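J.: The lines below spell out each chain.
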Amino acid sequence: MTFEKDRNEMRKAYCELLMKTAETDPRIVVLEADLMASNGTKPFAAAYPERTFDVGIAEANMIGVAAGLAASGKLPFCDTFTPFATRRCYDQITVSAAYTNLPLRIVGTDPGLAAEVNGGTHMSMEDVAIMRSMPNMKLFEPVDETQLRAAWDWILTVDGPLYIRIFRKTAPKIFGEDYRFEPGKLSVIREGGDAAIFATGLMTADALEAAELLAAEGIDAAVLNLHTLKPLDRDGILFWAKKCGAAVTCENGTVVGALGSAVAETTADAWPIPVKRIGVQDHFGEVGTMPYLKEKYGMTPKDIAAAAKAAIAMKK
Amino acid sequence: MLSEKEVRALASTAKEIRILSLEMIGHAGKGHLGGALSIADLLALLYFKRARIDPQNPKWEDRDRIVLSKGHAGTALYAALSLRGFFPREICYTMNQNGTTLPSHVDMRKVPGADMTAGSLAQGFSAAVGMALAARLDKKGHKVYTIIGDGESQEGEIWEAAMLAGNRKLSNLVAFCDNNGMQIDGLTDEINSLEPMDKKWEAFNWHVIRANGHDIADIDRAMDEAEKITDKPVMIILKTVKGKGVSFAEGKVSSHSMTYGVAEAEAEVARIRKEDE
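Chains C and X supply the protein sequences, listed in that same order. The opening position of the first sequence corresponds to residue 82 in our numbering, with each subsequent residue numbered one higher. The opening position of the second sequence corresponds to residue 422 in our numbering, with each subsequent residue numbered one higher.
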C-alpha cells in the first residue's frame, strides 16, 4: 500500500499557520532553543523578529520564560526536539505550565523513531507517557498536514497548556480536504467489525496498511486515529471496543504509559477486551532509518496485522 | 529618597509582616520562618512604597509585577499582601490548613496579588524574565521585580535566565537576592558557595548593587540607583540575616523550617512589641 505524500513538510505548514495567525493575533510569540532551522520557524523569525525569542540551548529557561510571557497575556509556542521539549524540562513544565494552567504550546519535533540518525539520546520514546500523566496538560499528535491545519483553531483556543508532537518532515497524506477535526473525538479512517486498530501520528499509515493485509485474509479491521490523547475519547474507544471485541494500538514511542496504556486502561475500566500494543517495548532507541527500526522493533504493518489476529483469537 | 518618617513607618510595617508571619506559622504548627523573616523589610518597601499595585484590582494590567521566586517564603508574601489589603487577615491564619487558599509555596491561582506560582526553585526567576520581555514587547512601562535566594542561585536555571536577561538588556527587570548565607543543609559558603556573587552577575551583564537588606533606607537607595540603569537588568544583593527579628530563629540554619505553636508565637510577639516601648 502506498500513500500519497503531503504537499508540504509539517514544519512548513506549522510555520505558515503561525505566521498567518500572528498577522492578526498579537498574542502569538515563538520561543526556540537553538533549533529554529530544524523546526522550520526561521520565516517567522524573519517576519516577526521582536516576537521571536531564541533563548539559546536552555530549555528549562525557555519554559519558564514562556510561562512569564503567558502570564502576561501571550500565547507562546515553544519549539524543540521532543526529548528536550519534555523530559529535559519536565519539572518546569509541571510547575510553571501545568500547575499554573498557563496556555503554553509546547511543540516537540522529531518524535520517537523519527529522530533516526540522531539515535538513542535523541529518541524520546517516553514523551507522550510523561506528558499524559500531567494534570491540565493536553496532547495532540497530528497525522498529516491536513489534520494539523484542521486542528489549528483548537490549538489556538484550548485552555491551559498543550503538547503538540509533530513529525517535521513530509508525512504520508491520510486525510482528505473534507476532514473535520474534533478535539477529544477519535477520527474514523476505516470502518471495520473484527478488530479495532487505534493509531497515532506516523503509525496511522502503518495501521491502514495492516488493515489492507487483514482484508486480504477476510478480516475486517477498523482504523481509528486518537489524535488527542488528552482529552481522551473514552466513549469512542468503548464504542469500538464493544463493536470489535479486540483491539491493537500503534504508536511511535513506548507502549508504557502512552496510547497503548490509555486504550487498555479505558477498556479495562468499562469493557475489558484483548488489547495488543504495538510500539517500542520498554527499551531505548538507536541510530537507524525509520523502516529499519520499525522492522527491528516489531512495528511494521505485518506486525500490526499479526497482533490483530492474536487479539481476535483471544476473543474466543 | 525616603523621609525619616517614611523609613520609620516602613520599618514598622516590616515588623508587622514579621509578626504576622510568626503568628501564621504558629497557627500552622510548622513552616518556613527563616527565609520569610529575611525578606520582610524588602516586602514592606515594595508593597507599601515602591511598587505600583492596586489591592482592589490585583490583575490590573499595568501593575508592577512582583515574583517571589524563593516560593517557600510565601508566608511573608501573604502577610504583606494581607496587610496591604489584598485579602483579610483571618485568611492568613488558615495557611497550610486542609482546604486553605494559602499553601506554603506561592500559588498564583489561589492567592490574590501573587503574580507567579513558585516553589520549585529558579522557575519564578525565569518567569520574571518572560514578564519583562512581554512588558517590553507591549511597550508597557511597568517594572518586574523578582526575589531569589542565594541558595536558590545554585540552580542552573537561574544562570540560564540571567544570561538571557543580561543579553536582552532587560532594564525593566530588577532582581533581589536574599543573601542570608544559609540553606537547609548549612551555610551556602560551605555547601556550594555563590561567591563572588557580584562578579558572577556582572559577568552575566547585570548592573549589581549591594545593600543592607534590613535597612529600608539603604534598599530604597539601591532601588533609586536601579531606576537610573537603562541598558541592563539590575541585581540588588541584599545582605540579610535568616530568621531576622525573631529571637529563637535569628541567625540559625534551623530557622529554615521551624516547629512551634500559637503559645510560642504569642510570647515572641509580646517580646517584639515590647521592644517598641
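Source of the hints: derived by calculation from the structure; they are not laboratory data. This structure is a prediction, so every number in the text was calculated from the model and none was measured. One thing to keep in mind: the hints can contain errors.
Here are the computed lysine to any residue pairs in the SDA-like style, where the Cα-Cα straight-line distance is at most 20 angstroms [unchecked claim]:
#: 1; chain 1: X; residue 1: K560; chain 2: C; residue 2: T133
#: 2; chain 1: X; residue 1: K480; chain 2: C; residue 2: G241
#: 3; chain 1: C; residue 1: K93; chain 2: C; residue 2: P130
#: 4; chain 1: X; residue 1: K621; chain 2: X; residue 2: G577
#: 5; chain 1: C; residue 1: K86; chain 2: C; residue 2: G241
#: 6; chain 1: C; residue 1: K250; chain 2: C; residue 2: T105
#: 7; chain 1: X; residue 1: K653; chain 2: X; residue 2: M618
#: 8; chain 1: X; residue 1: K560; chain 2: C; residue 2: P253
#: 9; chain 1: X; residue 1: K590; chain 2: C; residue 2: G241
#: 10; chain 1: X; residue 1: K560; chain 2: C; residue 2: K86
#: 11; chain 1: C; residue 1: K86; chain 2: C; residue 2: P253
#: 12; chain 1: X; residue 1: K531; chain 2: C; residue 2: T133
#: 13; chain 1: C; residue 1: K266; chain 2: C; residue 2: Y378
#: 14; chain 1: X; residue 1: K560; chain 2: C; residue 2: Y129
#: 15; chain 1: X; residue 1: K531; chain 2: C; residue 2: N217
#: 16; chain 1: X; residue 1: K590; chain 2: C; residue 2: K250
#: 17; chain 1: C; residue 1: K396; chain 2: C; residue 2: D301
#: 18; chain 1: C; residue 1: K375; chain 2: C; residue 2: Y180
#: 19; chain 1: X; residue 1: K480; chain 2: C; residue 2: T83
#: 20; chain 1: X; residue 1: K531; chain 2: C; residue 2: K93
J.: A separate judgement is required for each hint: does it hold in the structure or not?
T.: To see whether the hints hold, each was checked on the structure:
no.	hint	result
1	X/K560 <-> C/T133	16 angstroms, holds
2	X/K480 <-> C/G241	18 angstroms, holds
3	C/K93 <-> C/P130	18 angstroms, holds
4	X/K621 <-> X/G577	13 angstroms, holds
5	C/K86 <-> C/G241	33 angstroms, violated
6	C/K250 <-> C/T105	27 angstroms, violated
7	X/K653 <-> X/M618	17 angstroms, holds
8	X/K560 <-> C/P253	44 angstroms, violated
9	X/K590 <-> C/G241	30 angstroms, violated
10	X/K560 <-> C/K86	44 angstroms, violated
11	C/K86 <-> C/P253	5 angstroms, holds
12	X/K531 <-> C/T133	31 angstroms, violated
13	C/K266 <-> C/Y378	29 angstroms, violated
14	X/K560 <-> C/Y129	16 angstroms, holds
15	X/K531 <-> C/N217	16 angstroms, holds
16	X/K590 <-> C/K250	36 angstroms, violated
17	C/K396 <-> C/D301	15 angstroms, holds
18	C/K375 <-> C/Y180	36 angstroms, violated
19	X/K480 <-> C/T83	55 angstroms, violated
20	X/K531 <-> C/K93	40 angstroms, violated
When the structure is compared with the earlier hints, violations turn up for hints 5, 6, 8, 9, 10, 12, 13, 16, 18, 19 and 20 and for no others.
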